[in-house]
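Colleague: First to last, the sequence lines map onto chains Z and B. Under full-length UniProt numbering, read the first sequence as residues 1 to 487, first letter to last. Under full-length UniProt numbering, read the second sequence as residues 1 to 487, first letter to last.
Derived from the structure by calculation, the hints contain no laboratory data. All values derive from a computational prediction rather than experimental measurement. Careful, some of the hints might be misleading.
Identical chains blur together in the list; that is why a pair holds if it fits in one copy or across any two.
[Said to hold, decoys possible] Only pairs whose alpha carbons sit at most 20 Å apart, straight line, appear in this in silico DMTMM-like list of lysine to aspartate or glutamate:
{"no.": "1", "residue 1": "Lys133", "residue 2": "Asp450"}
{"no.": "2", "residue 1": "Lys451", "residue 2": "Asp437"}
{"no.": "3", "residue 1": "Lys379", "residue 2": "Asp97"}
{"no.": "4", "residue 1": "Lys451", "residue 2": "Asp218"}
{"no.": "5", "residue 1": "Lys451", "residue 2": "Asp64"}
{"no.": "6", "residue 1": "Lys109", "residue 2": "Asp273"}
{"no.": "7", "residue 1": "Lys133", "residue 2": "Glu118"}
{"no.": "8", "residue 1": "Lys451", "residue 2": "Asp248"}
{"no.": "9", "residue 1": "Lys184", "residue 2": "Asp450"}
{"no.": "10", "residue 1": "Lys133", "residue 2": "Glu86"}
{"no.": "11", "residue 1": "Lys133", "residue 2": "Glu77"}
{"no.": "12", "residue 1": "Lys109", "residue 2": "Glu187"}
Number of protein chains: 2
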Amino acid sequence: MTRTPFTRRRLLQSLSAGLALGPLASLSALAQKPVPPAPPSLRGLFTADEMHSAHQLRELALRDNRSYEMLERLTTEVGARLAGSEADLRAVNWAVDFMQSLKLDKVWKEPVQYPVWERISESASVISPFPHKLQITALGHSISTPEQGIQADILRVADLAALKALPAGAAQGKIVFIDHKLRKSSEYGDVASGRSRGASEAARKGAVALIIRSVGTDSHRLPHTGVMHYDDGAPQIPAAAMSNPDADLLNRMLQRGQPVRLDLRLQTRSAPDFTSYNVIGEWRGTELPDEYVLIGGHLDSWDPGTGALDDGAGCMITAGALDCLVRRGIRPRRSIRLVFYANEEQGLLGGKAYHAAHQQEISRIQAASEADSGQGPVKRLRSYVRPEALGIVRQMQEVLAPLGVAAGGNDGHPGPDMGVLRDAGAASFSLDMQADDYFDYHHTADDTFDKVEPARIRQSCAVYAVFAWMAAQSPLHFGSGPALKKS
Amino acid sequence: MTRTPFTRRRLLQSLSAGLALGPLASLSALAQKPVPPAPPSLRGLFTADEMHSAHQLRELALRDNRSYEMLERLTTEVGARLAGSEADLRAVNWAVDFMQSLKLDKVWKEPVQYPVWERISESASVISPFPHKLQITALGHSISTPEQGIQADILRVADLAALKALPAGAAQGKIVFIDHKLRKSSEYGDVASGRSRGASEAARKGAVALIIRSVGTDSHRLPHTGVMHYDDGAPQIPAAAMSNPDADLLNRMLQRGQPVRLDLRLQTRSAPDFTSYNVIGEWRGTELPDEYVLIGGHLDSWDPGTGALDDGAGCMITAGALDCLVRRGIRPRRSIRLVFYANEEQGLLGGKAYHAAHQQEISRIQAASEADSGQGPVKRLRSYVRPEALGIVRQMQEVLAPLGVAAGGNDGHPGPDMGVLRDAGAASFSLDMQADDYFDYHHTADDTFDKVEPARIRQSCAVYAVFAWMAAQSPLHFGSGPALKKS
Numbered sequence: 001m002t003r004t005p006f007t008r009r010r011l012l013q014s015l016s017a018g019l020a021l022g023p024l025a026s027l028s029a030l031a032q033k034p035v036p037p038a039p040p041s042l043r044g045l046f047t048a049d050e051m052h053s054a055h056q057l058r059e060l061a062l063r064d065n066r067s068y069e070m071l072e073r074l075t076t077e078v079g080a081r082l083a084g085s086e087a088d089l090r091a092v093n094w095a096v097d098f099m100q101s102l103k104l105d106k107v108w109k110e111p112v113q114y115p116v117w118e119r120i121s122e123s124a125s126v127i128s129p130f131p132h133k134l135q136i137t138a139l140g141h142s143i144s145t146p147e148q149g150i151q152a153d154i155l156r157v158a159d160l161a162a163l164k165a166l167p168a169g170a171a172q173g174k175i176v177f178i179d180h181k182l183r184k185s186s187e188y189g190d191v192a193s194g195r196s197r198g199a200s201e202a203a204r205k206g207a208v209a210l211i212i213r214s215v216g217t218d219s220h221r222l223p224h225t226g227v228m229h230y231d232d233g234a235p236q237i238p239a240a241a242m243s244n245p246d247a248d249l250l251n252r253m254l255q256r257g258q259p260v261r262l263d264l265r266l267q268t269r270s271a272p273d274f275t276s277y278n279v280i281g282e283w284r285g286t287e288l289p290d291e292y293v294l295i296g297g298h299l300d301s302w303d304p305g306t307g308a309l310d311d312g313a314g315c316m317i318t319a320g321a322l323d324c325l326v327r328r329g330i331r332p333r334r335s336i337r338l339v340f341y342a343n344e345e346q347g348l349l350g351g352k353a354y355h356a357a358h359q360q361e362i363s364r365i366q367a368a369s370e371a372d373s374g375q376g377p378v379k380r381l382r383s384y385v386r387p388e389a390l391g392i393v394r395q396m397q398e399v400l401a402p403l404g405v406a407a408g409g410n411d412g413h414p415g416p417d418m419g420v421l422r423d424a425g426a427a428s429f430s431l432d433m434q435a436d437d438y439f440d441y442h443h444t445a446d447d448t449f450d451k452v453e454p455a456r457i458r459q460s461c462a463v464y465a466v467f468a469w470m471a472a473q474s475p476l477h478f479g480s481g482p483a484l485k486k487s
Numbered sequence: 001m002t003r004t005p006f007t008r009r010r011l012l013q014s015l016s017a018g019l020a021l022g023p024l025a026s027l028s029a030l031a032q033k034p035v036p037p038a039p040p041s042l043r044g045l046f047t048a049d050e051m052h053s054a055h056q057l058r059e060l061a062l063r064d065n066r067s068y069e070m071l072e073r074l075t076t077e078v079g080a081r082l083a084g085s086e087a088d089l090r091a092v093n094w095a096v097d098f099m100q101s102l103k104l105d106k107v108w109k110e111p112v113q114y115p116v117w118e119r120i121s122e123s124a125s126v127i128s129p130f131p132h133k134l135q136i137t138a139l140g141h142s143i144s145t146p147e148q149g150i151q152a153d154i155l156r157v158a159d160l161a162a163l164k165a166l167p168a169g170a171a172q173g174k175i176v177f178i179d180h181k182l183r184k185s186s187e188y189g190d191v192a193s194g195r196s197r198g199a200s201e202a203a204r205k206g207a208v209a210l211i212i213r214s215v216g217t218d219s220h221r222l223p224h225t226g227v228m229h230y231d232d233g234a235p236q237i238p239a240a241a242m243s244n245p246d247a248d249l250l251n252r253m254l255q256r257g258q259p260v261r262l263d264l265r266l267q268t269r270s271a272p273d274f275t276s277y278n279v280i281g282e283w284r285g286t287e288l289p290d291e292y293v294l295i296g297g298h299l300d301s302w303d304p305g306t307g308a309l310d311d312g313a314g315c316m317i318t319a320g321a322l323d324c325l326v327r328r329g330i331r332p333r334r335s336i337r338l339v340f341y342a343n344e345e346q347g348l349l350g351g352k353a354y355h356a357a358h359q360q361e362i363s364r365i366q367a368a369s370e371a372d373s374g375q376g377p378v379k380r381l382r383s384y385v386r387p388e389a390l391g392i393v394r395q396m397q398e399v400l401a402p403l404g405v406a407a408g409g410n411d412g413h414p415g416p417d418m419g420v421l422r423d424a425g426a427a428s429f430s431l432d433m434q435a436d437d438y439f440d441y442h443h444t445a446d447d448t449f450d451k452v453e454p455a456r457i458r459q460s461c462a463v464y465a466v467f468a469w470m471a472a473q474s475p476l477h478f479g480s481g482p483a484l485k486k487s
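All chains, please: the whole structure from these sequences, using the hints.
Modeller: Shown next, in the form of structure tokens:
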């Protein structure tokens, strides 16, 4: 392999000569020549040759539009993929065919069980002081209202903490309105707690229903759905979200000092047992094939949109990254496993099922990193590895730096579905994505393919390609096992 | 009246001293001292004192937030105002109370007749090749589909011209899909022709329904409604619009070369006779009170939003401008008349009724200018006056120039409802507004108060206040009458 720097100009010449379509000489060599053994030292680092190859891979992947094209296919040919719906299994079948088309070494499904929840109809209006129709959506797992709806005055609270602080009976007969505005993506966890836990808190104060300000950063009449849970022992009341402009309207009415009365109508359907699948593909490593780097996203989406950003993007960023290696025959030392998880949205069911099926192999997971924050670009690399591997992590970041990826700490988290693996001791990586507009579209009808920008998704794909290859090629084990297990 | 320049700094000092709440000395003098007679020459111009007062008025109005507050009231206390609906008359009653609260000299209603059209339900989905729900809305005046819907393949045409060019029978049994994208506001008239006239054109080619790409510049899942008309003699077929992302989706399906089959379901209601009202208020002039400057907007809106930009903004920009004079007791030579028109959206019915009732007084209309392009800011002043008055127009633009208002030609148009007055010979002004985002929200559920920016609406109010005062104070008649009549 030549050590001559493979400059941007030479790369572009190669690309324009059509070489990008077939294996490039220098990279295909990686796949064919015997892999040198990993340096024995615990302080091992990538060789200069390996670093050179990683730089080349970054530049190649950055010019590859496959993730975008794959996402176009998923959002067009499948669309919305609500867990437990007819579209769930249609998506699984599509995903199996899709992974097989990538020519991975192995593609398989693993079953995941969960209940069905579906919306049938939803509407709300202000009855007084001023009649208005509201744009609302039922929260996932909400029960129905009576068919004739619930008519009651609203009681506004600023957030979940304010609701908890109310005296007993303070919401008797009311529809509690949690008015917690999501101002930036970093507040999501805090603000979403009102969505997931508000209904039971409100019910304990005597409320007859919950309606929340959408957990979204936009100002459009498209409400944001999302999952909620009923606490054992608390009365179950219906729960919905209204769009941000509708919440603003209610505030303007409340400022006039008059009671605001709503009519809320939700019809939903639940059923106990549904079987779906995690869809999994593997590209075998050359030297340590039983160790693997785990990447992927979740295949399910909420029903109003087509799950382009949440999480079609994550699935296809990681699929594109792996495809970038497979098409060129590039096999690193360890395997790379791509998982499209079932039902993340309603409780990380696919992630939990994967953990249950694979809990004996935590030490074989070299690194885990799910993509589930939209289309990118990736802005920072954080790891969760044994200290001896931090030199390798620094080399990874060095390769990614030209893409705008900053170095982060060793506090990385692998994403929602893989979180349970980290808790069990799996080395993990956060490829933190820019999320400035992610919560504009999240869980709304607006989560559609037109929001995807090719340049953003190309960068994310390139970052995942470099990450996956370097993690799988690493001369060091990242330390998955009891030592990394969450105490 | 002192000629000392009333500098911005002194003005701000006055405002901070609370003087803005009461009549300012220099402007109230305008209201109280005898108005000097207009110069006799046809080449008359504003005096230096009048120009000074106009500059002062501009600065005062620019700091006045009343238009914004008035619009908050209309959109909160009334909301959607579909012509012919229950909300139409509720809006009229609200508007009468509102105008009376402004303490104008006279407030009255004039009847306007039109049929009722209302949507009951609307839905559509792609049946094949890939099932998807679509976000659609019935076009105003569309008939219903059968209750079980219409199931048919789509025939895509680029625009209305392409539809017209099809051979006879080319759309037999199809749902015609007009895929004409609105890229910028200046194309609105051309693109909207597909909405207003597409159904009859499609029916003549054998189509069973029409569905169009929304006439909007946004990329959200909120379809844009709007009026359509059936030609006499053509078969009547149902007509709807889908959101831009849905139209993009259909295109992606069509690119795969397979037929795309839809299920379209619309239920609408029509009734023959409805009586609503133009709501009119007048502020009497001192010297020529039977001549008047006509300003206003249309009170009706489409039903999905609350008509904040279309055209609550126009109503309240002009109401705020007049209020800026009234609160300070400033009476120009001529009267100023504020009209909130009924039912602009479904065929300029209020404008036509106003013309019918006032066609004998065209020469008494000193100038007409409706605001119906959103919240502004106003970017250009165009007139339609006799040549002798162009010097006055130049003086008006000179006062408005610090607000960013450029000089335009003498080809001005007074807006949709007042267009018929211009055709009949009324001198007219275009206060052309920036419309870069207007067609993002136009005729959608997203036309709500949160989209209104106080600084933009303040500028528009200031421009209308200066325009209305200068036009009413003008030493010259602008020439309304037979000489300006459209031949």
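Colleague: Are the hints correct? Go through all of them and say.
Modeller: Outcome of the hint check:
1. For the homomeric pair Lys133 and Asp450, the shortest alpha-carbon distance between copies (16 Å) is at most 20 Å, but the shortest distance inside one copy (28 Å) is not.
2. In the homo-oligomer, the alpha carbons of Lys451 and Asp437 lie at most 20 Å apart both inside one protomer (10 Å) and across protomers (18 Å), since each shortest distance falls under that limit.
3. In this homomeric assembly, Lys379 and Asp97 never come within 20 Å of each other (Cα to Cα): the closest approach is 32 Å inside a single copy and 56 Å across copies.
4. For the homomeric pair Lys451 and Asp218, the shortest alpha-carbon distances inside one copy (14 Å) and between copies (11 Å) are both at most 20 Å.
5. In this assembly of identical chains, Lys451 and Asp64 lie within 20 Å of each other by CA distance solely inside one copy; the values are 19 Å within and 39 Å between copies.
6. Proximity of Lys109 and Asp273 under a CA criterion of 20 Å is satisfied intra-copy only: 18 Å inside one chain copy versus 63 Å between copies.
7. With identical chains, the CA atoms of Lys133 and Glu118 are at most 20 Å apart between copies only, with a shortest distance of 15 Å across copies and 23 Å within one.
8. When the C-alpha separation of Lys451 and Asp248 is checked against a cutoff of 20 Å, the pair qualifies only between copies, where the shortest distance is 11 Å, while the shortest distance within a copy is 25 Å.
9. For a Cα distance limit of 20 Å, the shortest separation of Lys184 from Asp450 across copies, 18 Å, qualifies, whereas the shortest one inside one copy, 22 Å, does not.
10. In this homomeric assembly, Lys133 and Glu86 come within 20 Å of each other (Cα to Cα) only across copies, at 14 Å, whereas the closest approach inside a single copy is 31 Å.
11. When the C-alpha separation of Lys133 and Glu77 is checked against a cutoff of 20 Å, the pair qualifies only between copies, where the shortest distance is 13 Å, while the shortest distance within a copy is 33 Å.
12. In this assembly of identical chains, the alpha carbons of Lys109 and Glu187 never lie at most 20 Å apart, being 35 Å within a copy and 51 Å across copies at closest.
In the structure shown, a violation is registered for the earlier hints numbered 3, 12, in ascending order.
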